[in-house]
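Peer 1: With the hints as constraints, model all of the structure from the sequences given.
Protein chains in written order, with our numbering: chain A, 2 to 601; chain B, 7 to 466; chain C, 239 to 668.
Keep in mind that the hints are not guaranteed to be accurate.
[Stated by the list, open to error] 27 Å max Cα-Cα, derived DSS-like pairs, lysine-lysine:
id	chain 1	residue 1	chain 2	residue 2
1	B	K405	C	K417
2	C	K584	C	K531
3	B	K289	A	K96
4	B	K136	B	K169
5	C	K641	C	K417
6	B	K268	B	K289
7	B	K190	B	K169
8	A	K227	A	K291
9	A	K96	B	K360
[Claimed, not checked] The following label-pair restraints were derived from C-beta to C-beta distances:
id	chain 1	residue 1	chain 2	residue 2	range
10	B	T59	A	G168	54 to 64 Å
11	A	G134	B	K273	38 to 48 Å
12	C	D457	B	F138	46 to 56 Å
13	C	E297	B	T59	17 to 27 Å
14	B	A423	A	Q152	29 to 39 Å
Keep in mind that the hints were calculated from the coordinates and are not lab data.
Ideal Cβ positions, reconstructed from N, Cα and C, are used throughout, including at glycine.
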Amino acid sequence: MMFRRKLLAVFALTVFLSVAAVAWLVSEVTRRAFARSDDERTAALVTQFRHEFNRQGDEVQRRVEAIAGSEAVSRMTFALSRAPADSGPYFELAKSTAENSQLDFLEFVEGGGTIVSSAQWPAKFGYPEEAFGSFSTAIEQGPFLKQEPLQEGTVLGLFAVRATRVGERPVYVIGGRRLDKNFLSGLDLPAGMRALLYQNRGDHFSADLLIDPSTSSAEKMRSSEKLQPLIDAVRQYGQEMTAVVPWSGNQADDEVFHAIPLLGTDAGKDHPLLAILLIGNSRRTYVELKRHIRSAALLVGGGGIVLAILLSSWAAARVTRPVEQLAQAAQEVAAGNWNARVAVSGRDELAQLADSFNRMTAELLGQKERLVQAERVAAWRELARRLAHELKNPLFPLQLTVENLVRARQQNPEQFEEVFRESSRTLLAEISNLKGIIGRFSEFSKMPQPQLHPMQVNDVIRGVAQLFQAQLEAPGRAKISCELQLHPRLEPVAADAELLHRAITNLVLNAMDAMPQGGTLTLRTRGEDGKVLIEVADTGSGLTTEECERIFTPYYTSKQHGTGLGLAIVQSVVSDHGGRIRVESQPGRGTTFVIELPRG
Amino acid sequence: MKRFGWRRLVASSLLLMALLIKAGAAETRPQYGGTLRIAMREAPASLDPCDATQADSLARRNVLALIFETLVTLDDRGRLHPSLAVDWQFGPGNQRWQFRMRHGVRFHDGTALTAEIAASSLRTANPSWKVFAEGEAVVVELDHSDPDLPAELALTRNSIAKKNGGGKLSGTGPFHIEDWQAGKKLTLGAEENHWRGRAFVDAIEVEMGRNFHEQLNELELGRANLVEVAPQQGHRVAMEGGWVSSSQPMELVALAFSGDPKTANEKSLRSALALSVDRGSMKSVLLQGAGQPTASLLPNWMSGYGFTFSTDADLKRARHEREQVSTAPNWTVGYDANDSVARVLVERVALNAKDAGLVLQPTTAATADLRLVRIPLASADPWIALANLAETLGLAMPKPRGESGEDLYAAELALLAGQRIIPLFDLPEEYASCPVLNDWRPAADGSWRLDEVWMGKDRP
Amino acid sequence: MRHAIQNAFQSLKLSLVLFFFCSVPVGIAAATEWSGPAQQLAQKIVAVTGPGAVAVTVENRSSLWTKNVDAISGELRVDLEALGVRPAKPEQAAASAAVSLSENAQSCVWVAEIHQGAGASAVVMVSVPRGDNAGFAHESMPVSLRKIPLWAQEDRILDVLILEEDSAPRQIAVLDGEKVSIYRLKNGKWELDQRLGITHARPWPRDLRGRVMEAAAKDHLLDVYLPGVFCRSTASLPLTLNCRESDDPWPLVATAAASFPSFGGGPSVQPLGAFYSATRNFFTGALAPGVGKLSTVGKFYSAAALPREKYLLWLFAGTDGQIHLVDGVTDQAAKLGWGSDVASVKTACGSGWQALATGAGENAGNSGADSVRAYEIADRAPVPVSAALDFPGEITALWTEAKGDSAVAVVRNRETGAYEAFRLAAACSQ
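Peer 2: Given below as C-alpha cells:
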C-alpha cells in the first residue's frame, strides 16, 4: 500500500469514528426526547378528541335548540296545540329542517309521545317514539348517545332533546348526528390521528359493527382482527385502555390506540355500554423522525468521512509530495536519467534528504562521465592497437618482399626477374589484404539505418540456415550440424530483414569459427513477455566471463584473424531495432547469443 | 239630466285606474301566437299511437292527442262526441258499427282523410278487428257484442295515423310535428287548416324526462309554461303562489302481488296485509291530502260505488288473519326508486304490516313479492278503464261484459277477489302553469286540450 | 289567494256540474220522476232481505240538494214498505240497508249495502241517468239590475238579437257556430220557433265570433256575419237562411235605420264596416269606408263608437293590447289595461255615450271570470263611471245592440262550461 493511502486510511478512520460517535449520541438523546414528547402528544390528542367529541355534542345540542326555537317549529307547535291537531302538513318538516341544519336525525314528538315528523324514518309519523320515557331526564342533560332504530337496522347517534311548548302541550325536538363514517371523518383531528367506532351490539365481537372511515371493507376485516383484543378488553372491563397495534412489519405503520367506552343514558338502565371509541394515533411521525435522525447521523458521518478523505488526501499529499518526488527522481536515475533533480523547499528532514539526493546524483553523473571518457579513450586505444595490428601484419611481408627485391637486385640480378614476379604477387596480395582491412572498417562506419517492416523472424533464420547449409557440410572441414528450433506461432516483428539477416549471419559465422572441431549449431526462436527471442548457440569452447563482458566491444576479438567488428555490427543492428543482445556462455560448454526484439 | 262631478271623478278615478292596471286586467279575447312550453316526466321513445311498447300515461296520451285524432272523443263525463267521425250507428247486437267520416279533413302531409285510411289505421291498432271502408264510412265488425266500441275508439291507440313512404307518421290533429328528439323534446307547430280551426298558439315545445323538481324549477325560471306537479306537492305549490290545477283522480296506486295466492295461508296473509294498511294517515300526511283512499279499482267518481269498498284499517282483523298462519314469510315490496312518494308509502305500508305481525322489506329491485304500482286509468269510460286495469295487472276480465252499474260492480268484485291487488289511492293529475297561459284547465279525465289555450302577455 | 280559489274551482268544477245535472230532474219535474229508480232499488233490497224488519239509512254522497235527498229517501221508504219491509231500529232489525245516493260521471248511482246477520253482506244498486242538456238551458239566471239574462246553452253563443220585446224580450235569435235559433217566450218558457242552419265550407277558426243583426233594409229580416261567411234570411217567418262565402266588411255598429238618428243632433254618421279575418278572431284593421281620413287602423278585436258633438270618436281594442282612440284625424293609442272587448252604450248621463270594456273581475280571484265596466272618455282619458259588473266567467262576446242603449254580452260560465248571454243595460244611477 502506498504511503499516501496508509496515511489517508489512518486519517479517515479517525474522523469517521469521531463523527459516528457524535451522531449516535445525538440520535439517542433526540430519540428519547421525542419518545417522551410522543407520549405527551398522544395524551394531548386524546384530550383534544374528547373536546372535539364534546364540541360535536354541543353543536348537536345547539342546533336542536335552534330548531326548537325556530319559527317553523313554533308554528307547528301552535298548530298541534289546537284541536283537532293536524300533523299532516308537518310530515316533511323534520326532513327539510334536518337537511338545513345538517342533522342526521330529527324527530318532532308531540306531548303524548307520538312522532309527528321524522327525518330518519319519514314513514314513522303517528307511531310512538320508543325512547320517549327518557326525554324528561335527557332535556336536563347535555347531549347523549342513543341507539336509533331505522328501517335498515339500528344505528348509533349523538342526540340532544329540547322541548318547545304552547300552552300545556309540549312538542319535543329530538335531533342528532349519526355516529358513522361521516361523523368520524368530520371530526377535526390532527394529522396522523384517526377515530374508529365500535358499536357495542350483541354479545360477541363482530367486525361489521366497527366503523372505520378510512379503510375499505377488506382492510376493515383485517383491522378488526387486530383491534379485537383491545375492544374485548374494554367490553369486559368497561375502562379506558391503550394499546399499540402493529399493522405490518414496518414500525412506521404501528398505531397507538386509545379506547374510550361510550355509555348511554337510557332510563332505568345502568348506563349501558353503547359503543367504544378508538382513537388511533399513528407512530409514523415518531418512527420517521427516528429514522430521520438516524439518516441525518449517517449523512453527517458519511459527509464527515468524505471530508476526512478529502482533507486527508490534501494533508497526505502535502506530506508525501517531497517523498514522492524523491522516489520519482530515484526511479529516473535508475532508468538512466542522471540529470534527475528534486526540488528542495523548506529546511526539514525531507528537504535535507532531497538535497543529499541531488548531490548524490550529481556525484554519480560526474563519475559516469569520467567513466565514459575513460572508456572512450580505451576504445580509441583499442582501435589504434587493432589498426596498428591489422596494418602491421601485411606491412611486414611488404617490407620483407621489398627488401627481398632490393636484395635480389643487388645479389642476384639474373634471378631478379623471377624474384620480382614472385614479390609482385606477394605485394599485390598484401596490398589487397590492406584494402580488405580498410574496407571492413569503412563498412562498419557506414552501417545503414534499418527500414522496419513487419516480418517473420523464422523466415530470416531459415534463409540464413539455408545459406550456410553448403558451408557447414562442405568436405574438408569438421562437420557442424545445424539444428533449427523455431517457434511455430511466432508473432511478427518490425525489422529490417536484410540487416537482421546480416546480424544473424555474423553470429552464425562466429559460431562456425568457434567450432573448428565441428559441433552443433542451434538456431532457436521463441516469444517471451512481448518479445521475440532469437538464440544462436554453438557447442564450441565457450567464453570466459571476462570475454563475455568485452565481447561486444568493437574491435575486440578472440579470433586469430578477426577484426572484432562482427559482434559490434550485430549489436549495432539489434540496438537499431530497439532490441538487445546478450551472451550466455561457460567455457567448454559452448556459447549462446540471445537477441531480444520487441514485437511488431 | 244630472251632471257628474267629472273633475272630482277624474281625480278619484286615477287611483282606481292605477290599481286596476296593476292588478292586471283580463284579455278575454284569445290571442294567436306564442310558443307554449311544457315539461313532463314521461319520455316516450315513439309517437306512434299504436306502439304498445310505450308505457301508457296521461301525459303521453295528451301529447299524442295534439297530433292525432280519433273517430270519436269522450268528454270528462264519459259522453261520446263526434270527432273525425260525424255520426255512427250500430247494427243489432252491437256487433257491427258504422262510422261516417267527416269531410274536408286533411292529414298534416296534405293527404285527405278517407274511410280507407282510417280503416287501415284501425286495423293496424286492432289486428283482431274486422275493419273496412264502406263508402264514406268506416265499418267495424266484431265477433261479439261490444256496446263500448265507440268509447274504445276514443282511446289514444285508436288514433287515426298515416304512415307515409318513409315511415313518417302523419296525423290530423291541431298540431303537426316539427321536430322530434325521441324521449327528449318534441316541437309541434299549429296546423293552419285544422278542421276545428287553427290552434291559438303557434307552437308547443314539450320537454320530456324532467322530474317534478326540475319541472317546477323550469316553471319558476320561465322556461316552461306548464308543468306537472306531484299530487302531494300541489297544495304546497299553490300556497307558495303557484297556479295549480288538477284533474279528477285518474291514477290508481296499489300494491300488486306478483302471482295468485297458492294456499289458504297465503290468502290469510294477504287479507291481513290489506286490512292493516292505514290509508287515512297516508293520505293526510304522505300525500298531503291529495288523492282518494280507495279499496276499489275504479275511482268513485267513475263508478259511483267505490265507497262500498272499505278503506279503513282493521288491525284487529288483520292480526286475526295473521294468527291463522304459524309462520309468515318475509315479503319484499318493490317500488320505483325514482318515485319519492312511493318509497315512503311502501315504508308506511311496511310499518302498518309490522303492526299486524307481517314483515315487509322495501326494495327497489326489479323482482319482488309485491310491488307498489301506479296505473293511469285508460279512459273515462268505466268499463274500458276496468278492462285496461285488469289487462295491465295481468288479471282475467270476467265475461260477459254487462252494461249496468251492478255488472260493473260484479266485475270489479271478481277482480279483487283474486287477492292479487290491494288498491290504495286514486291520485289526480296536478299541473302548475304560468300566469300567461290562458284558458288552461285539465279536464276531469286529465285531458289537456291545449289547442284551446292561448298565450297572453306577461303580467306584472 | 287567487290560486287557491282557482284550485278550488278546478276541483269543484266537475262536482258542481254533477250537482247541477243530478238536480235537474227535481228542478224541472215532479219528485215522482225519482219513483222509478227508487222502486227498482227497493225491489232489489227486498230481494236480498225479504220482507220484515229492516233498518234503512239513506246517506247522500252526491251533489244532490238536500230537499231532493229527502224526497228520494221518502220515496224509497214508501216503496220498501209497499214491499213488506218494516222500518226498524238497527238493534231490532234482522237486516240493515245503508243506502248511499252516489254518482259517477254519467249518472246518479244509488247503492244499498245490505248486512244480514254476522258477516253476510250484499251490495245492490241502480243507476239513474242524468237529465238532458236541454234542461240546463231553461234555468233562469239570477236577476241583476244591470245584466239581464237572455239565454244559455252548451254550444258557444256568438250573438243574440232581440227580435221582439215589450217589458222583456219575447223573441230572440241566438247565433252559434252552426245555426241561428229563434226562440219565443210562451207561458214563461222559451220555445224554439225555428232553427236555421249555417253552411260553411271552411272550418271555423277557434274563438269563433259572429254577429246576427236586424237587416237595415226591409227586404229581409236578418244579416248574419261569420268569419268568411255572410248569411241573409228571408223577410218573414218561417225564415230561411242563405249563406255564402264572403269577405264583406262587418258593420261595427248595428246601423239599423232607427238607431243612429238617436245620436241626437250630431253630425250625420256614416255607418262603418270593418273587414274580419276569415281564419282568426280579429278584424284586419281595414275599414270601410274609414274614419275620416283613416281607412285602416291596427288589427283589433272590437270597436265602439262614441258620438261627440262634432265628430265621432272610435275606440278600437287592438290586438296589441292597446286601446286606440281614432277621431278621423289622429290615432291615439293608450294602454288602459282593458280587456279585448269594448262596446258603447247610450245613457242619459255624462256625455251621453259611455264605453263598456271588459276587464278582470274584481272578485273573481284567479278563476278567469271577467267584469264589464263603463267608462266615460273625457279628454281622451277614460274615467270609470260604474262599478265593475262581475260575470261568472270569461266574456266571449260584447256587442252594442242596435238601439244603442244596451249591449249583449256572452259569458262562458267557468263552473258549468255553458255559454250564457246577457243584456247589459246601462242606466243612470244618480
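Peer 1: Indicate, hint by hint, whether the structure satisfies it.
Peer 2: Hint by hint, here is what the structure shows:
| no. | hint | verdict |
| --- | --- | --- |
| 1 | B:K405 with C:K417 | 45 Å, violated |
| 2 | C:K584 with C:K531 | 26 Å, holds |
| 3 | B:K289 with A:K96 | 18 Å, holds |
| 4 | B:K136 with B:K169 | 20 Å, holds |
| 5 | C:K641 with C:K417 | 24 Å, holds |
| 6 | B:K268 with B:K289 | 32 Å, violated |
| 7 | B:K190 with B:K169 | 22 Å, holds |
| 8 | A:K227 with A:K291 | 25 Å, holds |
| 9 | A:K96 with B:K360 | 23 Å, holds |
| 10 | B:T59 with A:G168: 54 to 64 Å | 60 Å, holds |
| 11 | A:G134 with B:K273: 38 to 48 Å | 40 Å, holds |
| 12 | C:D457 with B:F138: 46 to 56 Å | 51 Å, holds |
| 13 | C:E297 with B:T59: 17 to 27 Å | 46 Å, violated |
| 14 | B:A423 with A:Q152: 29 to 39 Å | 33 Å, holds |
Of the numbered hints stated above, those contradicted by the structure are hints 1, 6, 13, listed in ascending order.
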